[in-house]
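A.B. asks: Sequence:
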Amino acid sequence: MLDSLLQRVLARRGANLGQRAVCALALRLWKLGRCVPVLNRLQGTLTVRGLRLRARLFSYDDLLCVRPDYEAALRRWLPPSGAVAIDAGAYIGRHTLELAQAVGPTGLIVAIEPLPENMTLLAYNVRLNGYPRAHLCRCALAADTGEAVLRFGIERSTATLDPQRATAARLDRQVVVAQRRLDDLLADLGIASIDYLKFDVEGAELAALQGAERTLRASPRATLAIELHGSASAHGQVRAWLVERGYEIEELNDAGRHFFIAARRQTVAFVPSERAAALLRASA
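Quick note: the sequence shown uses the numbering used here, first residue 8, plus one each step.
No lab work stands behind these hints, which were simulated from the structure alone.
Computed Cβ-Cβ distance ranges for the label pairs, DEER-style: (1) Asp261 with Ala194: 31 to 41 Å; (2) Gln50 with Ala194: 29 to 39 Å; (3) Thr54 with Ser240: 33 to 43 Å; (4) Ala150 with Arg83: 26 to 36 Å.
Virtual Cβ for every residue (Gly too), placed ideally from N, Cα, C.
Assemble the whole structure, with the sequences as input and the hints as a guide.
C.D. replies: The structure is reproduced here in structure tokens:
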């Protein structure tokens, strides 16, 4: 019932003034509920684009029910049937499930999520929707193997390895998690190359790419969808890394937001490093 109510809020934006006022008030009260720990932990099963999704009802998970088209720009880049797709920063599985739909029973999904609470919901949602060919890996991606401190707040969507990001966002909780190179993780699964890679790793984009270099070298036709976080300088470093390895970059416009970039390799394997250096200078 709650998810149906919340999904109507945006639909009522074109309604009369009274209806819009009631919906706006309902949405505001609901958002205030996200700050209350007891409410923040309440869970329910929602239907989003034909998928069943267990979610925290008063949390950032709300985008899954209030905005069923959230990050819709990524759907333009979904992999084909039979593809091998990686969802790094899988959260509770919204994109994992859409990827599983896209690749079908002959494809393969690897979903990676470091925060234990999110992994519990992710595993539940994969089982709920009947996708047996999904490997779930609880770790953070990095350039090196080891352990790291993952920081998070009452919302579980912005967990980060970056202490500066954590301080700025007032993330006051932490847990020690395993961190792995994507190259090593996939090697353990017997996967040498991939067709699609989605990164939403909250500021660890460059380190995660560095830990995936062997896999990407073996996957010349792979599509990359990367959400950029942090400063313009950090964005420039990620772009430069991709350009230097022969990728063409496209900005993804998601209802006026430009969080994600998509990258595909050019026909030429590498481009002059001067182009990468120019990107770094432009973002400085």
